[in-house]
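Generate coordinates for the entire structure from the input sequences, incorporating the hints supplied.
There are 2 protein chains.
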Amino acid sequence: MDWPTEGERPLVRAGRLSAWAVAGLPDLRPGDDLARLAASALERAGGLRPWDVVVVTHKVVSKEEGQLFPLDHFPPGPEALSLAARLGQDPRMVQAILAESTRVVRAEAGVLVTETHHGLVCANAGVDRSNVGGGEMVTLLPRDPDASARRLRSAWLPLAGGGPLGVVLSDTFGRPFREGAVNVAIGVAGLPALSDHRGLRDALGYELHASTIGSADEIASIGELVMGKVDQLPLAVVRGLSWSGPEQGSAPLLRDPQRDIFRR
Amino acid sequence: MDWPTEGERPLVRAGRLSAWAVAGLPDLRPGDDLARLAASALERAGGLRPWDVVVVTHKVVSKEEGQLFPLDHFPPGPEALSLAARLGQDPRMVQAILAESTRVVRAEAGVLVTETHHGLVCANAGVDRSNVGGGEMVTLLPRDPDASARRLRSAWLPLAGGGPLGVVLSDTFGRPFREGAVNVAIGVAGLPALSDHRGLRDALGYELHASTIGSADEIASIGELVMGKVDQLPLAVVRGLSWSGPEQGSAPLLRDPQRDIFRR
Numbered sequence: 001m002d003w004p005t006e007g008e009r010p011l012v013r014a015g016r017l018s019a020w021a022v023a024g025l026p027d028l029r030p031g032d033d034l035a036r037l038a039a040s041a042l043e044r045a046g047g048l049r050p051w052d053v054v055v056v057t058h059k060v061v062s063k064e065e066g067q068l069f070p071l072d073h074f075p076p077g078p079e080a081l082s083l084a085a086r087l088g089q090d091p092r093m094v095q096a097i098l099a100e101s102t103r104v105v106r107a108e109a110g111v112l113v114t115e116t117h118h119g120l121v122c123a124n125a126g127v128d129r130s131n132v133g134g135g136e137m138v139t140l141l142p143r144d145p146d147a148s149a150r151r152l153r154s155a156w157l158p159l160a161g162g163g164p165l166g167v168v169l170s171d172t173f174g175r176p177f178r179e180g181a182v183n184v185a186i187g188v189a190g191l192p193a194l195s196d197h198r199g200l201r202d203a204l205g206y207e208l209h210a211s212t213i214g215s216a217d218e219i220a221s222i223g224e225l226v227m228g229k230v231d232q233l234p235l236a237v238v239r240g241l242s243w244s245g246p247e248q249g250s251a252p253l254l255r256d257p258q259r260d261i262f263r264r
Numbered sequence: 001m002d003w004p005t006e007g008e009r010p011l012v013r014a015g016r017l018s019a020w021a022v023a024g025l026p027d028l029r030p031g032d033d034l035a036r037l038a039a040s041a042l043e044r045a046g047g048l049r050p051w052d053v054v055v056v057t058h059k060v061v062s063k064e065e066g067q068l069f070p071l072d073h074f075p076p077g078p079e080a081l082s083l084a085a086r087l088g089q090d091p092r093m094v095q096a097i098l099a100e101s102t103r104v105v106r107a108e109a110g111v112l113v114t115e116t117h118h119g120l121v122c123a124n125a126g127v128d129r130s131n132v133g134g135g136e137m138v139t140l141l142p143r144d145p146d147a148s149a150r151r152l153r154s155a156w157l158p159l160a161g162g163g164p165l166g167v168v169l170s171d172t173f174g175r176p177f178r179e180g181a182v183n184v185a186i187g188v189a190g191l192p193a194l195s196d197h198r199g200l201r202d203a204l205g206y207e208l209h210a211s212t213i214g215s216a217d218e219i220a221s222i223g224e225l226v227m228g229k230v231d232q233l234p235l236a237v238v239r240g241l242s243w244s245g246p247e248q249g250s251a252p253l254l255r256d257p258q259r260d261i262f263r264r
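If you're matching them up, the sequences are chains W and Y in order. FYI, this note's numbering numbers position 135 of the first sequence as 135, with every residue one higher than the one before it. FYI, this note's numbering numbers position 67 of the second sequence as 67, with every residue one higher than the one before it.
Derived by calculation from the structure, the hints in this document are not laboratory data. Certain hints may be false.
Label pairs and their computed distance ranges (CB to CB) [said to hold, decoys possible]:
(1) W:44 with Y:99: 19 to 27 Å
(2) W:247 with Y:110: 25 to 33 Å
(3) Y:45 with W:23: 40 to 48 Å
(4) W:86 with Y:72: 46 to 54 Å
(5) Y:199 with W:247: 35 to 43 Å
(6) Y:88 with W:199: 18 to 26 Å
(7) Y:43 with W:261: 44 to 52 Å
(8) W:143 with Y:162: 46 to 54 Å
(9) Y:109 with W:109: 23 to 31 Å
(10) Y:162 with W:36: 43 to 51 Å
(11) W:15 with Y:256: 36 to 44 Å
With the C-beta cut set under 7 Å, the calculated list includes, among others, these residues of chain Y facing chain W [stated by the list, open to error]:
(12) 8
(13) 71
(14) 251
(15) 255
Derived coverage of chain Y by chain W (criterion: at least 3 residues anywhere in the stretch with Cβ under 8 Å from a Cβ of chain W; other residues may be distant) [stated by the list, open to error]:
(16) 97-109
(17) 176-189
(18) 243-250
For every residue, glycine included, the Cβ atom is placed at its ideal position computed from N, Cα and C.
Here it is as structure tokens:
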């Protein structure tokens, strides 16, 4: 990782935190203006203040950006047919996943974990399958989630008095070793994604062991708790954070595959 | 996993969340009464209410329970010597890690990931090394973190008007694929560790895809954000959650090794 020099250390801190989901966003279709519709919903929910972070579930962004396709748009090639047979999955779904991926990390026990073109490692490359109006559809992740986060942040900045303002695009990822998915940050704008405690010492002078913290992932997790899964509220506000250091999007959260002992 | 029957579905939800760290807990020594000292600190910070969750970093619990040992208490055996040479680590530290573990999951690139006797998979079996009063010491995880959480919960229940009250013991774990450690729940009492959305449908009638959520891990992550790493505040209160379903400690968060494609 390309770490900033001393004095530009990325740190995210919180005083007293509060967080809530924002209601009132209509179901989006491709071409709808999410930034504007969400701005109205945010205003009705009390507006934004400097240092707020807005967590947005990526799915509404994917829909707005037209990342919603009929499953039949992915006629399976030989690799998809072979993997689908092995995993017991729909070959078109596997084709959609492979089209989003640069490599397969694991394909066994019915589970397909890949590395996406964004560098994310997750089940099904983040491709969600659903029934929309009787047709089988797939939603892909946004093409460039950091760019989406930056775009939304620019649109919402006036609501927050010009900022600082953070935007985190979230998805729900399963994890090795632990049951239960958690929300993580797939797009980040306006705040550092990681906190770097390397070399910092605790109150007693001991160097801290967990040297970097995935702060944006932890913020995304707060979003999950207040948005829930059933009410389908795709927006949340987290208030009470502060941060310093450079903005580098979500890239600092992606482990270099060469350094990842679980990707070999 | 042994899932409860319908009607006992574990679900954790949040309305408007708030969270803060609790100051005023002195540095603990083995035999100190953490429950009582923390109760005073919690009372000075405004007390507890029904439906609060207290997040406690496991380290203060480990100290109180005497899980703090001189490094020299772990004379390395042959496996520790061999692993330590391979990883470039102190053989005594490796011996302490192996003593806490049932199996080695990965040992490469200087990283030792094991499965602990609790069933946790993490770097160094959760063993922390530090300098205390000039001597090299290691802190182990609590022997039974769920029992520790239950004990603290019982002691703090009167502060919360008899409850409901949740207690989450946290540790900071690194993760495959992603940079930045996050807090997870290693001990849970008073609330379900997972939310089970299997079979639930969203507002439009579509079945939800991420079927279980690691709610207690997400709550632990809130604890990290408000406690930070430098200020060494080991207690936080999270307010605004509600839950239903059975209490099963932290066990539902531990993936069955047979079902874990990354542990083979």
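Which earlier hints turn out false for this structure, listed by number in ascending order? 1, 3, 12, 13, 14, 18
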